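Mapping the sequence shown onto the numbering used here, position 285 (from 1) lands on 343, and the numbers just tick up by one.
No wet-lab data here; the hints were simulated from the structure.
Fair warning: this is a prediction, and the values are worked out from it, not measured in the lab.
Using N, Cα and C, we set each Cβ at its ideal position, and we do this for glycine too.
Treat each hint with caution, since some may be false.
Unchecked claim - Simulated restraints, written as ranges between beta carbons of each label pair:
#1 Ile182 <-> Gly156: 27 to 35 Å
#2 Asp276 <-> Leu186: 14 to 22 Å
#3 Val331 <-> Ala81: 16 to 24 Å
#4 Ala234 <-> Val290: 25 to 33 Å
#5 Gly233 <-> Thr325: 48 to 56 Å
#6 Ser220 <-> Leu82: 33 to 41 Å
#7 Leu247 <-> Leu175: 24 to 32 Å
#8 Gly133 <-> Val290: 14 to 22 Å
#9 Val331 <-> Leu219: 27 to 35 Å
#10 Lys189 <-> Leu82: 45 to 53 Å
#11 Leu89 <-> Phe173: 40 to 48 Å
#12 Gly156 <-> Ser63: 48 to 56 Å
#13 Asp276 <-> Ser235: 39 to 47 Å
#14 Leu175 <-> Ile140: 25 to 33 Å
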Amino acid sequence: MYNRSITDRIIDAANWLLLAIVALLMVFPFLHIFSVSFSSLRDVLEKEFIMWPTHWVTDAYQTILASNNFIRSLGVSSYITIVGTVVSLLLTATMAYGLTRNVTGQRIILLLIIFTLLFNAGMIPTYLVVKEVGLMNSTWSLIIPSAISAFNLIVMRQFFLSIPNELTEAGLIDGASELRIFTSIMLPLSKPSLAAFGLFYAVGYWNKYFEGVLYLNDSSKWPIQVVLRQIVIMNEATAALGNEAMLMLENPPPPVTIQMAAILMATLPILIVYPFLQKHFAKGVMLGSVKG
59 MYNRSITDRI IDAANWLLLA IVALLMVFPF LHIFSVSFSS LRDVLEKEFI MWPTHWVTDA
119 YQTILASNNF IRSLGVSSYI TIVGTVVSLL LTATMAYGLT RNVTGQRIIL LLIIFTLLFN
179 AGMIPTYLVV KEVGLMNSTW SLIIPSAISA FNLIVMRQFF LSIPNELTEA GLIDGASELR
239 IFTSIMLPLS KPSLAAFGLF YAVGYWNKYF EGVLYLNDSS KWPIQVVLRQ IVIMNEATAA
299 LGNEAMLMLE NPPPPVTIQM AAILMATLPI LIVYPFLQKH FAKGVMLGSV KG
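Produce the complete structure using the sequences and hints provided.
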């Protein structure tokens, strides 16, 4: 049996200690947000920093759930995230596969894609394009302009290139079309990659904030991050939640508890989805990184 030296054990212990400290630093803000969101008015007034609520109350969550604005924004963000992720994966996968085939202008298209990694048009030209194509005040303005990530596209193309040509040649010999090869061979083999990039896209769409402020004038179409900004920045929570939500309770909760509850509810969906995709995450990111 291999006997480990004292130096190896010390290094392992130091690594575990470092990882434990980093993990605690990551969990610490969530614990504070969680504790404040369930704290009573007395706890907020008496304690400068709350690590665990002394008196558990759910007034902040009742106020938020009574707000039509907040619930509507959750629905808008869910719609943008689901539809946007599906559209992005579909466009990214089809374009990546197309760039692996012998098509006219393939090199020029690839150079243009790489060019967008280094340079972009900027906010004002993008705004003018969105306005001219009629996407203003539409939820599609949060999806179409960022539907394809150039980085994800290049990595997925490299993954398709790493698949043995014998598979596609066998499909062609059997009479399969390019569409059939793509849907029956390429996509099933790229499930880990699709899961990883799907998570990237989903997090990006869920966190859409600046585009919502820039392109959406109707507050009923605001995603959750824009409404969350209203709750966090405004001095009075009623400005974002609406008076009907605050009047649900005789003693409205302090704004800070509403802010923390809103932050927790806006973060929770991504935290729930991530564990189901984690097993594909590392493998999907590494696919296509090495060729040969």
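Evaluation of the provided hints:
no.: 1; hint: Ile182 <-> Gly156: 27 to 35 Å; result: 31 Å, holds
no.: 2; hint: Asp276 <-> Leu186: 14 to 22 Å; result: 20 Å, holds
no.: 3; hint: Val331 <-> Ala81: 16 to 24 Å; result: 20 Å, holds
no.: 4; hint: Ala234 <-> Val290: 25 to 33 Å; result: 53 Å, violated
no.: 5; hint: Gly233 <-> Thr325: 48 to 56 Å; result: 50 Å, holds
no.: 6; hint: Ser220 <-> Leu82: 33 to 41 Å; result: 39 Å, holds
no.: 7; hint: Leu247 <-> Leu175: 24 to 32 Å; result: 26 Å, holds
no.: 8; hint: Gly133 <-> Val290: 14 to 22 Å; result: 20 Å, holds
no.: 9; hint: Val331 <-> Leu219: 27 to 35 Å; result: 30 Å, holds
no.: 10; hint: Lys189 <-> Leu82: 45 to 53 Å; result: 47 Å, holds
no.: 11; hint: Leu89 <-> Phe173: 40 to 48 Å; result: 44 Å, holds
no.: 12; hint: Gly156 <-> Ser63: 48 to 56 Å; result: 55 Å, holds
no.: 13; hint: Asp276 <-> Ser235: 39 to 47 Å; result: 44 Å, holds
no.: 14; hint: Leu175 <-> Ile140: 25 to 33 Å; result: 27 Å, holds
The structure shown violates just one earlier hint, number 4.
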